[in-house]
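Could you slot chains B, C and D with the ligands onto chain A? The hints should help.
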Amino acid sequence: MKLNKPLNVSIAGLEFNSPLILASGILGVSPPTMHILADYGMGGITTKSIGPVKRKGYPNPSIIGLGNDTFLNAVGLANPGIERFSHEITEIKKKEGLVVIVSVFGDNSNDFARTASLAEKAGADAIEINISCPHAEVSSIGVDPKITFEYVRAVKKAIHCPLFVKLTPNVTDIVKIGMSAEKAGADALVAINTVSGLAIDINTHRPILAHGIGGLSGRAIKPIGVRHVFNLSKAVSIPIIGCGGIFNYEDVLEYFLAGASAVQLGSCLYYGYDIITQIRDNLIRYLETRKLDSISQLTGLAHHYKEIGFDD
Amino acid sequence: MKLNKPLNVSIAGLEFNSPLILASGILGVSPPTMHILADYGMGGITTKSIGPVKRKGYPNPSIIGLGNDTFLNAVGLANPGIERFSHEITEIKKKEGLVVIVSVFGDNSNDFARTASLAEKAGADAIEINISCPHAEVSSIGVDPKITFEYVRAVKKAIHCPLFVKLTPNVTDIVKIGMSAEKAGADALVAINTVSGLAIDINTHRPILAHGIGGLSGRAIKPIGVRHVFNLSKAVSIPIIGCGGIFNYEDVLEYFLAGASAVQLGSCLYYGYDIITQIRDNLIRYLETRKLDSISQLTGLAHHYKEIGFDD
Amino acid sequence: MTKNEQSITDKPFTTEIKSVVQETPLMKTYYVSFVVQGKIPSVIPGQFILVWIPGIDEIPMAISHVLDNGDIGFTVKDVGEATHALHKMKIGDLIGIRGPYGNGYQLKDGFSIIIGGGIGIASIRLLVQKALQKNPNHLLVIVGAQTAKELLYLEELQEILKPSQMLVCTDDGSHGNEGFVTMILEKNLLHIKEKAGANRITVYACGPEIMLTNLLKVCNTHKLELEASLERFMRCGFGLCGLCVVDPLGIKICQNGPVLNSAVLNELDDFGKFHRDVTGEKYRIDSNHG
Amino acid sequence: MTKNEQSITDKPFTTEIKSVVQETPLMKTYYVSFVVQGKIPSVIPGQFILVWIPGIDEIPMAISHVLDNGDIGFTVKDVGEATHALHKMKIGDLIGIRGPYGNGYQLKDGFSIIIGGGIGIASIRLLVQKALQKNPNHLLVIVGAQTAKELLYLEELQEILKPSQMLVCTDDGSHGNEGFVTMILEKNLLHIKEKAGANRITVYACGPEIMLTNLLKVCNTHKLELEASLERFMRCGFGLCGLCVVDPLGIKICQNGPVLNSAVLNELDDFGKFHRDVTGEKYRIDSNHG
Ligand SMILES: Cc1cc2nc3c(=O)[nH]c(=O)nc-3n(C[C@H](O)[C@H](O)[C@H](O)COP(=O)(O)OP(=O)(O)OC[C@H]3O[C@@H](n4cnc5c(N)ncnc54)[C@H](O)[C@@H]3O)c2cc1C
Ligand SMILES: Cc1cc2nc3c(=O)[nH]c(=O)nc-3n(C[C@H](O)[C@H](O)[C@H](O)COP(=O)(O)OP(=O)(O)OC[C@H]3O[C@@H](n4cnc5c(N)ncnc54)[C@H](O)[C@@H]3O)c2cc1C
Ligand SMILES: Cc1cc2nc3c(=O)[nH]c(=O)nc-3n(C[C@H](O)[C@H](O)[C@H](O)COP(=O)(O)O)c2cc1C
Ligand SMILES: Cc1cc2nc3c(=O)[nH]c(=O)nc-3n(C[C@H](O)[C@H](O)[C@H](O)COP(=O)(O)O)c2cc1C
Ligand code: FES
Ligand code: FES
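Chains as they are written, first to last, in our numbering: chain A, 1 to 312; chain B, 1 to 312; chain C, 1 to 290; chain D, 1 to 290.
No more than 30 Å apart at the CA atoms, straight line, and that leaves these computed lysine-lysine pairs for DSBU-like:
{"#": "1", "chain 1": "B", "residue 1": "146", "chain 2": "A", "residue 2": "176"}
{"#": "2", "chain 1": "D", "residue 1": "18", "chain 2": "A", "residue 2": "291"}
{"#": "3", "chain 1": "A", "residue 1": "146", "chain 2": "B", "residue 2": "183"}
{"#": "4", "chain 1": "C", "residue 1": "77", "chain 2": "A", "residue 2": "56"}
{"#": "5", "chain 1": "A", "residue 1": "146", "chain 2": "B", "residue 2": "234"}
{"#": "6", "chain 1": "A", "residue 1": "234", "chain 2": "B", "residue 2": "176"}
{"#": "7", "chain 1": "D", "residue 1": "88", "chain 2": "B", "residue 2": "56"}
{"#": "8", "chain 1": "C", "residue 1": "273", "chain 2": "A", "residue 2": "56"}
{"#": "9", "chain 1": "A", "residue 1": "234", "chain 2": "B", "residue 2": "56"}
{"#": "10", "chain 1": "C", "residue 1": "39", "chain 2": "C", "residue 2": "18"}
{"#": "11", "chain 1": "C", "residue 1": "193", "chain 2": "C", "residue 2": "217"}
{"#": "12", "chain 1": "C", "residue 1": "39", "chain 2": "B", "residue 2": "291"}
{"#": "13", "chain 1": "C", "residue 1": "273", "chain 2": "A", "residue 2": "95"}
{"#": "14", "chain 1": "B", "residue 1": "234", "chain 2": "A", "residue 2": "56"}
Pulled a few chain B residues facing chain A out of the computed Cβ check, cut under 7 Å:
{"#": "15", "residue": "196"}
{"#": "16", "residue": "220"}
{"#": "17", "residue": "226"}
The set of hints was computed from the structure by calculation and includes no laboratory data. Just so it is clear, CB atoms sit at the ideal spot from N, CA and C, and this is done for glycine as well.
Chain A with its partners taken away, still in its complex shape (with noise of 0.2 Å):
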C-alpha cells in the first residue's frame, strides 16, 4: 500500500487510502461487489440510500443515457429497508481498510435518526443522509436551512460515528444550507448529489422516465458540483466531498482545487471498474510529476488567485 500512501485522506477522523468513495445508489448493494471496488482502487464505499422500511421506487425507465457520458434518473430510493439490509452492512464492512459509508433517508426525521442508528450498528464507519434526491420527497429537506438543521441534530444525537450531508444543487444558494448543516453538526459535506432534469420523447409526447422528471449525473454536471464546493468551501470549515462528473483524474484535481478534500465516483461506473484504477494511478503520476507528497495539499488552491477586471 506504499504507492497509495500521497492518496491517503483523512475526513472527520476517518482514514481512507483513496480519496475515490463510490457515490450512493451506484452498485451499492452487493457486498461482494463492494469489496471488488475496494480492490480496484476505492477508499470507501457509500451504499444504496437505505429507509427505514422496503421500498420499490419508481417503474422503469428508471435510468437512461442522454449521451456525451450523461445520465437521467429517477429510481426513487428503492431499497429493501433498514431491517434487510442490514447484514449487507455487516458483510460489506468485513473487507479490511475500506471505509463503509451507508447513506440513509426516511420520512420525518425519527425514520432518519432510527435507520441512521441501526446502519451504524450493523457496522456502518459513517453515515451520510440523502436529503437531495431531486425526485423523491427528501428534496423538501435539503432546500431549507431551518429544516436540513432539524434533520441534521437528530440524527447526529442517534449516532456516534461521523455525519456526512448530501446536498442538492437545485437550491438558490447552497452556502446556506452547507452552513447550517454544518452548524447542526455535520461532520464533512457532500456536493453535490443529481440536478433536476427532464427528457421528453418526441414521438409519444410523454416523458422517457417512468417518473417524469429525474436527477441528471455525469459529465453535463462537472462544472456545476465544481462550483458549489469552490462556494462551500469558502464558507465551512468541515471538509467537503467533491461529487458530480467525475471521469478521469483531472476532474478529480478539479474538485480537490475548489475545495474539496475527497471525492465520490457514481456516473462514471459506467466503463467498469478499470476506470478506478486508471484515476488512481493517474492521480498519483500527477502528484509524483509535481513532487507533491500528498493530494491534500491540493484542498482548495483554486481560491488563491487574483482577480482582474477592467477599469471601468
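Chains B, C and D with the ligands only, in chain A's frame:
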C-alpha cells in the same frame, strides 16, 4: 413565406414567422448580422443585454468551450450602453417581419425602466429583462420573488410593448419567481439563462475564466431547461419561451412539449448560420409527417401523460 | 464489455412496431426498425435490448432476429404486466428501444451444442444461424418446451437444420422426446462425442435458471464448456444500478453478461439460488418472494 | 468554417513555454507543445490560436511556426498589457492555448505574391513555406516594417528565398526599399505580370489594416485576387459573441476569417473603417476611441 405557416407563432400579440429566436448575448450587436439570421430562419432576435451606461464586462478568457457542445462564459454584461446602442436597434428594426427584442438590465429598477423605455423608443418590439445572469449583480434579482415583482412592475410601467422576463435556473423554485413575474405584469417568460458553473485549470490551479465562476450553456443544460419550462407551464398562463441547449429540431420539440410557445437559440450558433435553416426545415417536416397545422398544437402536450407507479 | 465512449443508444428512441408474428399461443415476435442516429448498430447473438412500453415499464428482451434492412425482431412471452401490455400492442404502436446491451455468446471453434428452453429459444436463434454458417457439420441444436404448442420457431428450425442437427423435447412428450433438455443431452452425449472427435465441445444455452443449473452440472461432469445466458432484474442496462449483479464476482449481467461461461458460473454462489428484486434485496429463487 | 462536432480544443489547456526567441526589439517567438488530448491538431497557414496569459488576458495570435514534433510557435509584438506580460514570461512558465481557429489562407494555383507588414509577417510565414513547396518559380514575397530593426524573420526568409523571390522595404528606408509594401508592389507589377504569364496572380497579405485597404485598391485596379488576414477584438474565437463580426455580411473574423478574399473585402463597409470594442460598440478606426 407560405412554407413557414405551420411555424408561425404568436406571443403576447407579436407575430413571429418562426418560433426560433436568437438568444441574448449571442452575436447580438451587429444589425446586418441580425438581418442575415432572419434570412436563415429566425423569427425574432434578442439583442445583447444593454444597460444604462457603457460597460466593459470581464476580461478574457470570458467564453470557452468545455467539449460536448457545452460552453462556459462570464462576459459580465459588456455592452455599449443604451445611448450609443439605440441607433443599432433602429437599424435592426429595418428588417421586415423580424421581431426585435431588446434585452435590458441595470443597477436598480429605475435603470431597468429607463433603459427599457429608451430601447422601446429606438424601435424594440418587445423588452426582455435580464434578471438572471449568474455571474453578474443582476443575479440577485431573479432569485427572489419579491424583488422580481418590483423590477418587473417598474419596467412594465415604463413601456407599452410586451415585456419578457428571463429567468435563472439557479434557484430552488423557479415557479415562484415565474408566478411573481406574471403577477407583476410580465407578458412572457424566457427560461432558462445559463447555469452557474466553474472550470479550473489543473496546472495553474486557477479558474479558467477571468471572472472565476461563469454560466454554462449548450447541450449540458438542455434537460435542466426542459425541466424548468415543464414546471413553469403548470403554474403560469403567460407564454413561455424555452431556451438552453437547443441544437436540433428534436430539442425544439422537447421544449414545446414541455410547455414552450417559442424557443431561443444560443450556443448552437457555434455551428454557423446554417443550423437555423436545418432546424426550421426539420420542424416543418415533422409537422407535415404528423399532419399538424401548427407547431403551437404541441405546446404542453407532455403534461398529459399518465403517472405510473408500483402499488407499494 | 467496457466501452470507450458512451453510446447515444442508451437513450430509448421510440419507433413504430412494423409487424407482429404470433409464434405460439403465449409468444409473439415484434419487428422494429433499428436505425439509431442514422446508423444500424451491429448485433452479436445473445445481446439484448431494453424495450420501453410507454406508460407501463421497460424490460429486457433478447434480440432474436436481425433483418438485412436493419430491422430487428424480439420474441415476447406473455408472463406479466409489461409483456401482457406488449401482447396487446399492434402494428404502428410506438415502443422505445435502447441497446444492444451485453456481451453475447462467443461462438468458438469445435463442436457446438446450442440449447434453448422455452422463451430462451429466442436468445439462441441468431446463434444457431451463425453456427450454421461457421461449421454446419459440428452443430447440434436442442430445443425444449413444456408442451408442443410452446415450441418456438419449430418450423423454421426444422427447415434450416437437418434432422441430424436437431433434437426436440417437451416436458409432457407432446412433441419430440419426453423430458428435459438436460436428459436429452446426456442421452446423446456419447454419440456427440464420437461426432466431435478431437474437437472441443461447447454448449450454449438459454432457458429457465433451473435448466441452466442442471446443465452446468452435466457439463461439469462431462467436461464440456458451457456458455449460458442468465436473467436478472434490470434498471439501467449499463452497469450503474447494480440490481443485476451476481455474487460474489461483481459481475453485472447487463454489462459482463448476460452470457457467462462455466468458469464464472462455477464460482457464482447466486447461480440458481438468488436474485435481487426491484429494491435491490436479495432473495432465494425458490422462496415465495413478492 | 462550420464544424460538425465541437472540438475539445475550445477549452484552453495550459502548457509550459518551451523556448523563447527574441526576433526583433519588440517581437519574441514562443514555442509550446501543441498536443491536445493525445492528438496534434493540423494547422493551415493563417490560422490562429487564443493564448491565455493566466491572471492577465487571452489574446489571438497567428500560428507562425509548426515543428515536426508537434510544437508550434507564435510571434508576439509587445504593444499593450497582455503582450507585455507575455514578453516578461520565461521558459517553463505556463500559458493556455486553444485553437487552431479560423479558415487560413487558401493557396491557389498560379503566381503567389505574399505580403507581410510588421508583425503581420508572423501570419504569412507558414504560407511562404507552403508556397515554396508548391510552386517556387511563381512566388514573390514582400515584407515591410517601419524600420530595419523590426523586420521579422529577415535572415530566415533570405535563406529560404532566392533574391529574385523577395522584396524588402521599410518606411524609413533603413533596409531595402524606402516606402510601403503597396508602393513596392505597384512598382514591380509589370515585371511580376511578365513572369506570371497566363497564370492567375493572387496576393496574400497580413499587416496593419491601412496597409490592407491600400492593397485592396491596388489589387482592384490591377485585377489581382487578394486574400487578406484581418484583426478584430475577440472573446470567444468560435462564432458566439459577435464582437469580431464585420458588417454588412455577418462575417465572423474568428470563424469565417481571419482571411477574407477580395470579393468579400469589396463588400465590407467596415473594412479599414470600423472596429468593435470590448463592449461591442462600433467605432471608427481613425477616431480617438478608448
Ligand atoms: C437479458 C434478458 C433477456 C431476456 N429476453 C427475453 C426474451 O427474449 N423474451 C421474453 O419474453 N423475455 C425475455 N426476458 C425476460 C423478460 O424481461 C421478463 O419476462 C419481463 O421483464 C417480464 O415483465 P412483466 O412485466 O411482463 O412481468 P412481471 O409482472 O414483472 O413478472 C413476471 C415474471 O417475470 C420476471 N421479471 C420481471 N421483470 C424482469 C426483468 N426486468 N428481468 C428479468 N425478469 C423479470 C419476474 O421474476 C416475474 O416472475 C429477458 C430477460 C433478460 C434479463
Ligand atoms: C487573428 C489575429 C491574429 C493575430 N496575430 C498576432 C500575432 O501573430 N502576433 C501579434 O503580436 N499580434 C497578433 N494579433 C494582435 C494581438 O492579438 C494584439 O496585439 C493583442 O491582443 C494586444 O493585446 P495587449 O493587451 O497587449 O494590447 P492592449 O493593451 O489590449 O491594446 C494594444 C492594441 O492592441 C489592439 N488589440 C487589443 N486586443 C486585441 C484583440 N483581442 N484583437 C485584436 N487587436 C487587439 C488594440 O486595438 C490596441 O490598440 C492578432 C490578432 C488577431 C485578431
Ligand atoms: C442510478 C443512480 C442512482 C442514484 N441513487 C442515489 C441514492 O440512492 N442516494 C443518493 O444520495 N444519491 C444517489 N445518486 C446520486 C449519486 O450518488 C451522485 O450524487 C450523482 O450521480 C452525481 O455523481 P456522478 O455524476 O459521478 O454520477 C444516484 C445516481 C444515479 C446515477
Ligand atoms: C457568450 C454568451 C453570452 C450571453 N450573454 C447573455 C446576455 O447578455 N444576456 C442574457 O440574458 N443571456 C445571455 N446569455 C445566455 C443565453 O441567452 C442563453 O440563455 C443561454 O446561453 C442558454 O441557451 P443556449 O444553451 O442555447 O446557449 C449568454 C450566453 C452566452 C453563451
Ligand atoms: S441493470 Fe443496472 S447494473 Fe445491470
Ligand atoms: S470572437 Fe466571438 S464571434 Fe468571433
